[in-house]
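Peer 1: Heads up: the protein sequence lines correspond to chains A and B, in order.
Counting from 1, one number per residue, gives the positions in the first sequence under the working numbering.
Counting from 563, one number per residue, gives the positions in the second sequence under the working numbering.
Everything labelled a hint here was simulated from the structure, so no lab data went into it.
A short, non-exhaustive set of chain A residues, derived as facing chain B with CB atoms under 8 Å:
1) PHE21
2) GLY39
3) GLY181
4) GLN197
5) ARG253
Covered stretches of chain A (in silico footprint by chain B; criterion: 3 or more residues with CB under 8 Å from a CB of chain B, positions within the stretch not fixed):
6) 2-14
7) 23-35
8) 219-229
The structure displayed is predicted, hence computed values, not measured ones.
No residue lacks a Cβ here, since even glycine has one placed at the ideal position from N, Cα and C.
Number of protein chains: 2
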Amino acid sequence: MAQAKRPAQTVFRGAEVLNVFTGEWLKGDVAVSDGVIVGVGRYEGEEEIDCRGKALVPGFIDAHLHVESSMLTPEALAAEVLPSGTTALIADPHEIANVCGLPGLRYMLDAARALPLSLFVMLPSCVPATKWEQGGAVLDAASLSTLRDDPQVLGLGEVMDYPAVCAGDPGLLAKLEAFSGRMIDGHAPMLSGGGLQAYRLAGIETDHECSDGLETLEKLRAGFAVLVREGSAAHNLETILTAVQAAGIGTGRLAFCTDDKHIEDIRREGHIRHNIRRAIALGIPAADAYRMASWNAARIYGLRGYGAIGPAYRADLVLLNDKQEAAVHAVYTSGIRRWTEGEPIPSPAGIPISAELRGTVHVRPSGQPRNIRSLALPVPPDGVMPVIELIPRQINTRRRDLPVPQRDGFFAAGGDFLKAAVLERHHATGRIGLGVVKGLGLRGTAASTVAHDSHNLIVLGDRDEDMLLAVQELERCGGGYTLVRDGRVLATLPLPVAGLMTDRPADEVNSLLRRMSALSRELGVPEWHDPFQTMSFLSLPVIPELRLTDRGVFDVGEQRYL
Amino acid sequence: MAQAKRPAQTVFRGAEVLNVFTGEWLKGDVAVSDGVIVGVGRYEGEEEIDCRGKALVPGFIDAHLHVESSMLTPEALAAEVLPSGTTALIADPHEIANVCGLPGLRYMLDAARALPLSLFVMLPSCVPATKWEQGGAVLDAASLSTLRDDPQVLGLGEVMDYPAVCAGDPGLLAKLEAFSGRMIDGHAPMLSGGGLQAYRLAGIETDHECSDGLETLEKLRAGFAVLVREGSAAHNLETILTAVQAAGIGTGRLAFCTDDKHIEDIRREGHIRHNIRRAIALGIPAADAYRMASWNAARIYGLRGYGAIGPAYRADLVLLNDKQEAAVHAVYTSGIRRWTEGEPIPSPAGIPISAELRGTVHVRPSGQPRNIRSLALPVPPDGVMPVIELIPRQINTRRRDLPVPQRDGFFAAGGDFLKAAVLERHHATGRIGLGVVKGLGLRGTAASTVAHDSHNLIVLGDRDEDMLLAVQELERCGGGYTLVRDGRVLATLPLPVAGLMTDRPADEVNSLLRRMSALSRELGVPEWHDPFQTMSFLSLPVIPELRLTDRGVFDVGEQRYL
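Bound-form chain A, shown alone (with noise of 0.2 Å):
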């Protein structure tokens, strides 16, 4: 068929064809046999599909995200994706296995064999993410290797701990140690100089935290790969780009990511698509961007057979309508059209989840409910708590020592004070950390088992009896987001899977999470704040200044709790 002595099964017919070898555009009939591009030039085809007009590219490649973050099983956030061109995934499920350790792997890459597209795995490096915290799982590197000969697995994900890689810590260098010669995904924000230079000396490859021009070039230069990350949260695109641009140096050691992407903004703007569409706008060639979404990254990650429209490569195409707006008009994995303009979303049939990743809240340290007793918080004689004041559109916090409203020598949540308190909720130990939280503006109580990395559960609120009652809530439906306020449900969104993922159409969700936004905005919460993006990285104890774990309020800053 590639020498067109017998029709082809599928030709796309007449396509301007983007060549990622040469980076030109070129007219040409691609043809494909069992899912795989068998010729470029002139074809005929049992079937034959018209793309005058229209441009042909290779699938988009996220180089890097986190399925979790979707709150989507992986079939449902593939759906999802497929419509803006995305055709590949290269994950790190590090939140579940926070949860459920080795267990939520498996069930990850099981996902992975049964998707209309294709989804690989980096093994979380980091679980749990630093040693002040503690999960429901400890990945070491023994553990990780039975995972690392799997088909869809890749390599090491982010290596987040980068002052221990520096440091030299035994149990992560025995981890870069058993991933050697295979790809290790770097996160190291504003690392510099000699320490980053030992850092890429570990072997770690990628980057995709910059968010400073200088930085960006600096980790070209120590000869990391740079992904381009454009989330829901972060994004450095423009940052990156402007500094690229300016260097002269080419966009070849780049490639695109979300990282964190929800639902609402995918189907806004577009997965990597938006990426693309972005670069363009910047200047970039699209030719170039568009290698950027493909073949860069499958150089990079070593995935042969992938990013490219050309004999022996996978018939993952996208059809455009306009190259320079990245408007899709149909898209194709293995040579199989999973989506064209105008249709729905598809409602993907999902694999079983089993018994192990559901029912992971447990909160009871001895089978009995929490009482009301555990949530009371003592103020010191002084009268004076360390508090976290929230900073409106930021994830930093900032520690302020300040005098706190207070009853009976407890602290009374009041003005814009409000409690907070993260349950261990993997291993029913019972403990409890509580503190102080200033800047939410929330009257009435929200609480969620998201919470990075160990995904304990977090509540915050005014009234201790609402606070009870969300942690109720949670525990009644295997983890999620809830509302509550004056002794009343206001709205849950159950979390079922590891209290991280819902296993209902993602419709239903986005209805739900809109419609608790606006429940936000009615409890006093300002438009800068969403209380559960907010209370996700509250429990982090690797950003400044201050967090709140299941043993207390951390100082950052100084290493310690408080």
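Based on the hints, put chain B in the right spot on chain A.
Peer 2: Chain B only, in chain A's frame:
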């Protein structure tokens, strides 16, 4: 040491360093420990090398060559190429494989491990080269697979029999299948259209046979990495780079190779260094030229830790006096200095050569010396024979059906007609092919055991007695080149290793070759023919129009023995 907390072993201080990742030349110190670059930046070292005013680039990689073409052992060739900056060779040992089979390959792999540079091996895919040939060995998919996982092996060597690929030959497809997912080199001069697409679809990823601009562009567009060849016989660099520049498609998918380059040429103009200098002279930016010589080749062949100056890369470094001229000052591999300008070429200690590789000339069918009658060539009644006519400066020949000089019904050399004989030399079958050659001008006899690809013993002469003497001379010395006239051996270059390579120092070989070249001129051979080069291709039944093998005269166009 990467963090400059203690001094590195060696620091290259103050050079203008090529950053292959960005294409920039940046001032900096390069810190090396245990043979590996640990950092680029500001460093102090136990040993410091003052590099101010010089440029530092990664060691050069020859992406495709045959060590045997140098007639030197791997260690002697390594000594010759190191002073011009070559620090890694990707070799296809198909000459020795045709003579010695797996033991020949094992010799090359063992030699590779003991060299001061890196020698990687692509396992020969076409032994014998075609179904018309029978050499010392047959390497099928099963026997090649026994060496597939050797650490020096990168994949499968040049798949020369492209018609068999396009025809779906089962034996060849089995080899391609056995190396699926590994690197597979191509060799497909002027292959185009659907055939080229099929050849790429078969898993073949490179080509080093581009001799035409449009051919180059078509191969790049089909997804081949193109190896830009500049050897002793083939000079493709200008054609390829001119085409690529005119098309404006960048040099990212190009690497350099020599394929076959003789010692005298290496000494005169350098090895890969010559490709670099020629590229720069054609207007390729110096950074891109050096990238073709290092980073590009390393990426094409998946050589982790090769081809860049950055942390985690091998300290294979070339210090240049002048980067435009590729003027080498000193060469380092694994951080160890191997050569500095002004020093003589080192004389390496070789690895032992086993008896299996010596004494490979077996031309006596029953243990008895060949007699003169075996050279008798009867002439048909009409006196006309198919004559192999040589063409000045080409390896193609022309078929001419001409009346030939004869005595008593047998061909008798005279005028410009010589007798040619090819004696099977591997299995002592006694098989002999006889023919008539026109156009060499030789008055005397020349014989050689270097005759692609089967490397039988080939002899051309004007007197049967001299031809017999030449055969006996090569029997005596285990193969090589010899010149004979009037019952006297004029000169012999012994090639006792497989009849292809010498174990003598390169200087001695070089002066002997010069002497034999001068002798050829005295014997009437015009300057446009080297009798040994000409003879070396006269047996290869893939080059038009007529060839002579141990089975007789073969018409390449008609694909049959006459």
